[in-house]
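Those sequence lines, one after another, are chains A and B. So for the first sequence, this note's numbering puts the first residue at 1; every next one is plus one. So for the second sequence, this note's numbering puts the first residue at 1; every next one is plus one.
Quick caveat, the hints were computed from the structure, so don't treat them as lab data. Only a predicted model underlies this, so the values are computations on that prediction, with no experimental measurement involved. It is possible that some hints are incorrect.
To be verified - Rough simulated footprint, nothing fancy, chain A against chain B, three-plus residues with beta-carbon under 8 Å:
#, stretch
1, 448 to 458
2, 481 to 493
3, 567 to 577
4, 599 to 605
Claimed, not checked - Heads up, simulated DSBU-like pairs for lysine-lysine below, C-alpha to C-alpha not over 30 Å straight-line:
#, chain 1, residue 1, chain 2, residue 2
5, B, Lys-587, A, Lys-517
6, A, Lys-593, B, Lys-587
7, B, Lys-393, B, Lys-593
We put the CB at the ideal spot given by N, CA and C, even for glycine.
Number of protein chains: 2
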Amino acid sequence: MLLKRWLVGDPLKTTQAKHERLSKTIALAVFSSNAISSVAYGTEEILLVLILAGTAALSWSIPVSLAILFLVLVLTISYRQIIYEYPDGGGAYVVAKTNLGERPALVAAAALMIDYILTVAVSIAAGVAAITSAIPGLYAHRVSLGLLAIVFIVIINLRGVRESGKFFAIPTYFGLVSLSLLILVGAPNTFFGPSSPLTASAEPSEQAMESLTLFLILRSFAAGCSTVTGMEVISNGVKSFRPPESKNAAVTMLWMSTILASLFMGISWMAYSYHIVPKSEETVVSQLARLTFGTGTMYYAIQTGTMILLILAANSAFAGFPHLASILAKDGFMPHQMATFGDRLVFSNGIMVLGFFACLLLVVFEGDTHALIPLYAIGVFISFTLSQAGMVKRWLTKKGAHWRKKLAVNGIGACTTGIASVIIASTKFLQGAWIVFLLITVLIIMFQGIRSHYKAVAEQIALDRRGARPPLPNRNIVLIPIGGVNRAVIRAVDFARSRPGDIRAVYVETDPEESAKVKILWAQWGCGIHLVVLSSPYRSVLGSLIEYIEEILEKHRDTWVTVVIPEILPARWWQNILHNQRALMLKAALLFKERVVLTDIPFHLTR
Amino acid sequence: MLLKRWLVGDPLKTTQAKHERLSKTIALAVFSSNAISSVAYGTEEILLVLILAGTAALSWSIPVSLAILFLVLVLTISYRQIIYEYPDGGGAYVVAKTNLGERPALVAAAALMIDYILTVAVSIAAGVAAITSAIPGLYAHRVSLGLLAIVFIVIINLRGVRESGKFFAIPTYFGLVSLSLLILVGAPNTFFGPSSPLTASAEPSEQAMESLTLFLILRSFAAGCSTVTGMEVISNGVKSFRPPESKNAAVTMLWMSTILASLFMGISWMAYSYHIVPKSEETVVSQLARLTFGTGTMYYAIQTGTMILLILAANSAFAGFPHLASILAKDGFMPHQMATFGDRLVFSNGIMVLGFFACLLLVVFEGDTHALIPLYAIGVFISFTLSQAGMVKRWLTKKGAHWRKKLAVNGIGACTTGIASVIIASTKFLQGAWIVFLLITVLIIMFQGIRSHYKAVAEQIALDRRGARPPLPNRNIVLIPIGGVNRAVIRAVDFARSRPGDIRAVYVETDPEESAKVKILWAQWGCGIHLVVLSSPYRSVLGSLIEYIEEILEKHRDTWVTVVIPEILPARWWQNILHNQRALMLKAALLFKERVVLTDIPFHLTR
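This is chain A alone, in the form it adopts within the complex (with noise of 0.2 Å):
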């Protein structure tokens, strides 16, 4: 308890929610790191595609990149619609539980929550892949590394909202600043000639393996779109911003889109200038450094920058994951526990999750940024488009002012996502795209059982009309099973016996010298009360005893048995294991009988 508290901090009072409001300079750098992060890998993606036929399609990059950048526009018009019209937090599911109805907001969850746990795989290998391309010795603690980048996040995230946001903000800026600067310094030099000799150019030209074909530019882009993926986010958390919540995010949305698309087509730009072939064991942004500033102090902090940016990213997934989870709680879609704020009034349960599947994922997926992308971008995608299409629907039955201009603005959106969808799916389909599907498909089943389960359970505890109380055992035969007589079992026989009714204790023999020595203890100690002795062919102490229990709730159908059990509880945590776990093992046993009472009689020690 007090390592939790030391790691996680004071337990804050519920009506300090509302300062954990975010200004819009702490939001930009909580929300914005997983989109803009995205520039680290996107241009690198896009490049990784063209290359299979060979160097001369690389130029392709340039027209790839343009058709994304019309995407993060159509998104960022879009999505601020969504913004205002939901000033309580429009996600995806929101949307679409809105205006399309529950199964499209459990297409849209299911979506959502995998590009979550993605998001914070994906970014997390390429952020070590930063810090790898600059020291290569790293290369093989890639997963510890990633690892250990997560488990830190979840601590600094299970501390509360707000809190993260500060402590982020100072090096989100540090990772923009640092990228900025290299656009800002390399892109101008594109056009007056290097600063820096041009050793990429003289790479020898890569075989080409396929030809280049619509299918590979589509895939290209497909690749690419992991750019946009993370724009998403603020309209998910309008609600942590400062009053005019709506008003704040959207200005922030717009701050951040311009960053994305002049970053990456900065990146884009550069690479194509300086012809950047991608490496597996360099990241194109480290070329592009090395370039502009050579192997020096730049070079460092442009790496270092773009390792925390991405780091960080993750941690956008951390504040949106949860949120989602909860609000798919409230709605009987995911267990209780989701919907309860912890201590610290974030979604403890939601966040552990998270940190779960994404250690998972960079486990299976050994840590590599290019080996995930295939997963990556569709689910999002899919809410892009649903939320879209829901906000088509919203307007054509709401409508309202300016409904046509803005129904233009979402149609566009719409069919923008929809069409990049399709393309995604069907160029990654068999690269493991498929596997999103399948666990989409198996999400939303979860969903749907989990609600019925709670359905099921409401009706069965639910209170009689006629308030009628179910009728109950009018007996009570108390058992307390001994395993000898001592000071714990009297404590619990004369708690027993504080009360009238059919007290019995009971022992089971498995040797029977030791049998006829704790007779004649209970003939001293027993206060009268009826001493059963169970024979245990079988040496299992448990067993007996269960089945004598058993065969009584059987003769008598209307009775409770209280089995009272004496605890011995050591002073210090570790010595339980040197007790015997029979009492452990019995309330298991017992806990799921019914008309089974379980007492426990606790008899401390002290040393």
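Given chain A, put chain B in place with the hints provided.
Chain B alone, transformed into the frame defined by chain A:
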């Protein structure tokens, strides 16, 4: 439970214990595989040290092997005396305890425990090496193969000792026969000319890395000492033999030593005659088998036989370790659970512990026999020395018939094993034997810590000599924590109402609206029982409840607080994760409070 039954079989009655005794032929299979299987790596380990001084030094293997042969002889004669003197099982722990006192006994016990675990790890690693010598493609999977083998042996052993004897007898004898054939056919060949081309002698001679010093020869002797490990197993398990136990055990010991000595000297001789050079990718036995029979059916039979023998050698430790653990547990040096027979009359807990640690070692040392060897043998030689020294002390104190002759035998045994111990410890110390000494110290501290805890507990729960009963609180306040009003709560209320007392329902308010609803329902259903509403500014329902209970305990020093918990129990186990784990957490938090009695009132869901 069904799975457990299917895996380990039906429980056995206590009276069946006697029938679990082993005949000599089955006992030879169960107890001797440990010692005999060492021939698979004994010669190889000698050669691996000598090769450091170049191929010419390999001829030293013959004198070193003869020294080890002498060890086998001494151990056989002296252990036969222990078997007759300790018919109830004379492990080093028992011999040292009864003759030398507690401290030496604990040293012996700790040393043996570590060596049992190493026996399993080393044997499994060497067994897997026999397979991968024949099928090099499996080399990459050696750790997984080893783990699988351990799990398999654990399951077999949980089924009971006689069944595992029967289960292992045929394969053990298959292994013995196949290795014997290798010697019977191969050894004469060395005199009468080879039956197949001697490819081994065509190998380029190795570069000498060290000069041939006395230290190196002693090191090779120390490495070869791994051959005699396991010779003590029979003396630990005399009780498992059919009556007359001692005589049968002594005869079996003689058989075992004869087989061990013949196989070991045969392999050493053949390796010397054929100028075998140890290789990392193929075992010495595999090379000899190839030279003798070519890579045909016989070769594969010998590899399989060796592998089986080694895998089964691990089984031998599974008979010894739990036995030792149970003896220690009876003396209070290990947790009481270790002393308990499982359902199948075997020491289930000891088996699981041994299996776990062996798996751990296998993973840490990456399934490499040679890496494990420096840790091996030292423990067993410490226990050899202590038990021989114990016997010396015994004859000096007890005297009796022929005591001078017996004293001489054990005296020679003590000196020989003592000198070997010093050689092993000094030559292997820096290579890893220090870990063993460290672990022995840690284990001894653990043994003593456990016993002093049990002593403290016994004192604390001891009954008062004058028959005085400890005073008990004379009031009882019954609290029913509720999270709402439903059938499960009503059931708990009605149970509590059935006996008179101070009964209060406790509700923690997190949302005033919800709270108002609960109050209205309580007025209708609460039967006049007082409803305490606690406010929870920190949203921590659990925290508020516990605080309230602590207040009562502090205010009323003379009362029990009975907490009646209405518990909703789902129809299926996995549904448990869908219900707030509050009841469980509440119980965990309250279990350690004095004067708090926990009572569960179950409410069973049917779907």
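Taking the hints in turn, this is what the structure says about them:
| no. | hint | verdict |
| --- | --- | --- |
| 1 | 448 to 458 | holds (count 5) |
| 2 | 481 to 493 | holds (count 6) |
| 3 | 567 to 577 | holds (count 6) |
| 4 | 599 to 605 | holds (count 7) |
| 5 | Lys-587(B) with Lys-517(A) | 34 Å, violated |
| 6 | Lys-593(A) with Lys-587(B) | 18 Å, holds |
| 7 | Lys-393(B) with Lys-593(B) | 52 Å, violated |
When the structure is compared with the earlier hints, violations turn up for hints 5, 7 and for no others.
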